[in-house]
Every structure is written in C-alpha cells, then in structure tokens.
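K.L.:
Spelled out from the first residue to the last, the chains are:
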Amino acid sequence: MKNSYSFSSKAAYLFLAPAVISILIFFFIPVIAAFLMSFTDFDIYALGSFHTVRFIGLKNYSQLFDDPLFWLSLQNTGYYVVLATPICIAVSLGAALLLNSKLIKYKGIFRLSYFIPYITTLVAVAIVWRFIYHPKFGILNYFLGLFGINPADWLGDPNLAMPAIVLMSVWKTFGYNMIIFIAGLQNIPEDLYEAASIEGANEWHKFKAITIPMLAPTTLFVSIVTIVGYFQLFAEPYIMTQGGPLNKTLSIVGYMYQEGFRWWNMGYSASISFVLFFIILIVTILQFKLQKSHLA
Amino acid sequence: MKKILLYIFLVVSSIATLIPFLWMISASFMPDGKASVYPPVFFPTEIVLDQYVHLLTRLSVARSLLNSIILSTMVTFFSLFFNSMAGYAFAKYRFAGKSKLFNLLLVNMIVPSQVTMLPLFLMLKSIGLINTYMAILVTGLANIFGIFLIRQHCMAIPDSLIEAAKIDGATDFQVYRKIILPLAVPVLVTLGIITFLGTWNDFLWPLIALTDDSMYTLPVALSSLMLEHTRDPELMMAGSVITIIPVVVVFLVLQRYYIKGIMLGGVKE
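First to last, the protein sequences are chains A and B. Residues 0 to 295 (numbering that gives the first Met the number 0) are what the first sequence spells out, left to right. Residues 0 to 268 (numbering that gives the first Met the number 0) are what the second sequence spells out, left to right.
To be clear, the hints were calculated from the coordinates, so they are not data collected in a lab. Virtual Cβ for every residue (Gly too), placed ideally from N, Cα, C. Hints should not be assumed to be uniformly reliable.
[Stated by the list, open to error] As a list, the in silico SDA-like pairs of lysine to any residue whose alpha-carbon atoms are at most 20 angstroms apart: (1) B:Lys99 with A:Lys247; (2) A:Lys135 with A:Gly243; (3) B:Lys2 with A:Phe109; (4) A:Lys9 with B:Ala90; (5) B:Lys97 with A:Ser100; (6) A:Lys205 with A:Pro188; (7) B:Lys2 with A:Trp203; (8) A:Lys247 with A:Pro162; (9) A:Lys106 with B:Val10; (10) A:Lys106 with B:Lys2; (11) B:Lys165 with A:Ala10; (12) B:Lys124 with A:Ser100; (13) A:Lys101 with B:Lys177; (14) B:Lys99 with A:Tyr12; (15) A:Lys104 with B:Val11; (16) A:Lys106 with B:Thr16; (17) A:Lys104 with B:Ile7; (18) B:Lys177 with B:Tyr92; (19) A:Lys247 with A:Asp156; (20) A:Lys106 with B:Lys177; (21) B:Lys2 with A:Gly243; (22) B:Lys97 with A:Val19.
[What the hints assert, rightly or not] Part of the chain A face toward chain B, derived, beta carbon under 7 angstroms: (23) Ala11; (24) Val30; (25) Ser112; (26) Thr120; (27) Val122; (28) Ala182; (29) Gly259; (30) Thr283.
Throw the hints in and build the complete structure from the sequences for me.
P.N.:
Next up, the structure:
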C-alpha cells in the first residue's frame, strides 16, 4: 500500500461513483424515506395525491402495540425461529460431522445431495412441498402410513401448519450451514484429537471437550445468519398457506406485505418494517457482543 | 460394521433429501390427474410432455423464462461492473473519506431489504419504472458484499504491477480493464454466480415491482399460477422443474466457485 498515494484520487471517485450513487439512491434514500413514512398516515388516497399525507407522530407504532394481528405475526415468526433454528443447527452439524469422518469415501456426492435444496428456487420448492403435504395424495402421509402413522392435514391444521413450514425450511437451508461447519471442523488442529486419544478419551469426550468449544465461533456465526434469515420468513407461507389457517402462519414480512401492498396502508406497513429491522439489529448487536467476549 | 451403518445412513438420508425433486420431476411427466392418486405413483406409467407444452405455449411461462434469463444476466453483468470498480478503488487508492465511506456502506448489510421496498415502489412508480426490467435492475446494481469481496481480492495484487503499467502510459481505466479485471476473474465468477442465482430465486421484490404477467419472472409466474391450479400437481411440477433446472445447471458447472463464496461468508437469501 505504500505507493498508493501516487494513484490520483480523482480516478478513485470516478471508479466509486456508479456503485456509491446507486446504493445511495436505491438503498439509503429509501431507508430514510421509509423511516419518515412510518410517522405518517400514508394510505391509498395518498397514492393519488401525495399532499394528503400527514405526520401523525408515533401513532402507527402505538396502533401496532394494540393490533392483535401484529402481535400474532410476531408470535408466529418467533415460534418459527425458535423451533427451526436449533433443529437446523443440529441437522447441519450432524451432517458436517458425518461428512468429515475419515471412514467415508465419495463425500462429494453426499455433500452435493444435502446441499442442492439450498440453491434451488424457494417458490418452486414451496410449491413442491405444498403437494407433498397434501392430506389425501401427499407422499409424506404415504410414507408415514408405512410406519403406521395416521395421515395428517399438515397445512390445514392450525397446530401443524407452522411445524410443517419449519420442516421444509430446515430441509431447504441446512446445506448452507453444513458447508460452514465442515470448514470449521477442518480448521480444528488434528493433534488436539491425537493428544486426547493418547490420554484415553473416547469419541464422545473428544466431541464434548474439543469439537464443541473449538467450533463455538462457527456455531455463533451460523446461528446469527440462520436467525436473521428466518426472521424474514415470507415466501413459504405465501405459497403454502397464505398465512392461514386462522392466521397461524402469518409472518412479520407477510403482515407488512399485506398492509402495504394489498391494503396500501403504507405508513403503517413502514412501521412494521422498522420493527423487523429493530429485531434484526438487536440480533446482530448481540452477535458482535458475543464475538468480542469470546475473543477476550 | 460401523462403516457399513454410516454408508447406509448417508445413502438413505441423501435419497430422502432428494425425494422432493425426484417426485417433482416424475410428476411433471404425468398426464393430468395421475399425480393425484392414492397410493402415490412414483414413476409415470407413460411419459408425456403435455404439462410442459401447456405451460410454454398456452400459459405465458416461456415469456417468464425469458424475463428471468434477461434480468438475472443483466443484474449480474451490471453489479460485477459497478462492484469491481468500487472494490478496486477501495483496495488501491487513497482518497479523503475512504474509511468513513466504507463504514457507511456497511449499513447496507444490516438493514433488511424489506425496509426499502415501500419507498422504492413509490419512487419507481412516480417515474414510470414499475413493471419494467429497470425496477429489478436498479436494486441490484451494487452492494457492499460484492464491493468487499473484490476489495479483499484486489488488495493482494502487487502495487508494482499497476505502477509498471502507469509508467508505460496506461490510464487508470486501462489499468482496471487490462490488469485488474483479468486478475480478478476467480472472484468475479464467484460473485457472478451468487448474484445470478440470487436474482433468479428472488421473490418478494419482483412480486411487488412486476405487476403484469408479461413481465413476471419465473417465481412470480409460478406463485400466480398456483392460485388457479391448486389441483394440478402435474402442471405445477412442470413449472417448478422449468424454474429449478437452470439454477441447478449453473450451480453444478460452477460449484467450486459458489462454495468458495459461501466460505467467505457472503451468501444471503
């Protein structure tokens, strides 16, 4: 870097201009506008003429506080995140451990089959799963029937719809976390395990005393990415349940979409989007705090 | 013994993971009604292309396929161009406000994109860009993750290479075009495939910004078809195959680069 001063800064600004200007116009300005909008009564009439918009202070937020549907969407999304995250982490760690085993050959092909769901189009696989969950003809009930389990109306039963979405989401995303875990496992020095073996530790002890602590930073990273992603739940319920039955799969983003782009209550919708932002911000800050305390 | 059990487990779980795709492909080649039977049929007794023909000729899925190809290619091309210039500038130039600007751009990573969608919709509507390719393109022109990835890569390029070219009379843009870009090909491929797949699979913003079915991308077209064809699994499975096959092919060809991108911690849904 020592000679970089010889490169003119005028050229630097020219190189930066296209990217920075487009991020400014199509990201920063909308974020600020959304923040301002969340303090207005922007609705379907305002779409016609902007000057009917009025500032109403915190009214949208106080209305959210009293809105049972909003609380339900928050509760549904929270339930989904709390249920799906640990399952996803456990499955992806399990898959990573299996594929990291020295006993196994042809790892590439197994890794590929676990990973494929992650890169495929969410909307398309949600449609596939909607038919898999079909109460009469779905293949899930058929397979469960082979084990003597009674058929269920997965997406039609208010108590099963969200767990069914969780199962599909875990299937869709665990491959990503698995890849990160495999990289994390390969970074653990081999001699730690050798030393433990010499002292007579069995596999379970080694897993508890070496793998788990050495993998902690990876697990933290994976958890945060998973949680932040899961909080943005939208397409799965949109395609599979339309938020039903009894609004039991209405998510935060689903409610935001419904208020903003179906009923055109855009001011109110903007305040929902900021609650989502706030939640994600807290999760992210928590990550930085935890990372720091881990390094210290 | 342990080894055999491991293999059995791996094979069974791999097949279980792939079953949704296998069933999807198989059902897509069945005539109407053949996938709505109990017990389910896993292999078509006769293979027909009716569903594909129907989708591509009578429903406007061919147009959606074209929209998806054009949009994903355009977004990939422009974002690689914009991000690579900015990444190079951050790696190799000194200028006032450099670290401040970079930190400001990092905000781009924390704020969920849903926050921008309401004002963006109004903005684009007021200048007549809703329901055009531009509505999708403008949101994908540049992003901090891409800039960051390219910056990291460019920092490893020795200054002496750049200086030698300058002494030979190359302009700043020629250095970027003739030296930096060729050396950055691996990271450009990584970023390119991530962007392509991300744009292809994206749903919420295209659902909002593309309002006419002639402009739909495949995911939006599928979600709209689903409203009328809840009882036609064969047709919907053919639609899903058309949507998924291109991304799987692109991924399989460039797998190595994609996995590298994941390791760098950057693939977000």
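K.L.:
Does each hint hold? Answer for all of them.
P.N.:
Evaluated hints:
{"no.": "1", "hint": "B:Lys99 with A:Lys247", "verdict": "violated, 44 angstroms"}
{"no.": "2", "hint": "A:Lys135 with A:Gly243", "verdict": "holds, 19 angstroms"}
{"no.": "3", "hint": "B:Lys2 with A:Phe109", "verdict": "holds, 15 angstroms"}
{"no.": "4", "hint": "A:Lys9 with B:Ala90", "verdict": "holds, 15 angstroms"}
{"no.": "5", "hint": "B:Lys97 with A:Ser100", "verdict": "violated, 46 angstroms"}
{"no.": "6", "hint": "A:Lys205 with A:Pro188", "verdict": "holds, 13 angstroms"}
{"no.": "7", "hint": "B:Lys2 with A:Trp203", "verdict": "holds, 17 angstroms"}
{"no.": "8", "hint": "A:Lys247 with A:Pro162", "verdict": "holds, 11 angstroms"}
{"no.": "9", "hint": "A:Lys106 with B:Val10", "verdict": "holds, 11 angstroms"}
{"no.": "10", "hint": "A:Lys106 with B:Lys2", "verdict": "holds, 13 angstroms"}
{"no.": "11", "hint": "B:Lys165 with A:Ala10", "verdict": "holds, 13 angstroms"}
{"no.": "12", "hint": "B:Lys124 with A:Ser100", "verdict": "violated, 55 angstroms"}
{"no.": "13", "hint": "A:Lys101 with B:Lys177", "verdict": "violated, 45 angstroms"}
{"no.": "14", "hint": "B:Lys99 with A:Tyr12", "verdict": "holds, 14 angstroms"}
{"no.": "15", "hint": "A:Lys104 with B:Val11", "verdict": "holds, 16 angstroms"}
{"no.": "16", "hint": "A:Lys106 with B:Thr16", "verdict": "holds, 15 angstroms"}
{"no.": "17", "hint": "A:Lys104 with B:Ile7", "verdict": "holds, 13 angstroms"}
{"no.": "18", "hint": "B:Lys177 with B:Tyr92", "verdict": "holds, 17 angstroms"}
{"no.": "19", "hint": "A:Lys247 with A:Asp156", "verdict": "holds, 9 angstroms"}
{"no.": "20", "hint": "A:Lys106 with B:Lys177", "verdict": "violated, 40 angstroms"}
{"no.": "21", "hint": "B:Lys2 with A:Gly243", "verdict": "violated, 45 angstroms"}
{"no.": "22", "hint": "B:Lys97 with A:Val19", "verdict": "holds, 12 angstroms"}
{"no.": "23", "hint": "Ala11", "verdict": "holds, 4 angstroms"}
{"no.": "24", "hint": "Val30", "verdict": "holds, 6 angstroms"}
{"no.": "25", "hint": "Ser112", "verdict": "holds, 4 angstroms"}
{"no.": "26", "hint": "Thr120", "verdict": "holds, 5 angstroms"}
{"no.": "27", "hint": "Val122", "verdict": "holds, 4 angstroms"}
{"no.": "28", "hint": "Ala182", "verdict": "holds, 5 angstroms"}
{"no.": "29", "hint": "Gly259", "verdict": "holds, 5 angstroms"}
{"no.": "30", "hint": "Thr283", "verdict": "holds, 6 angstroms"}
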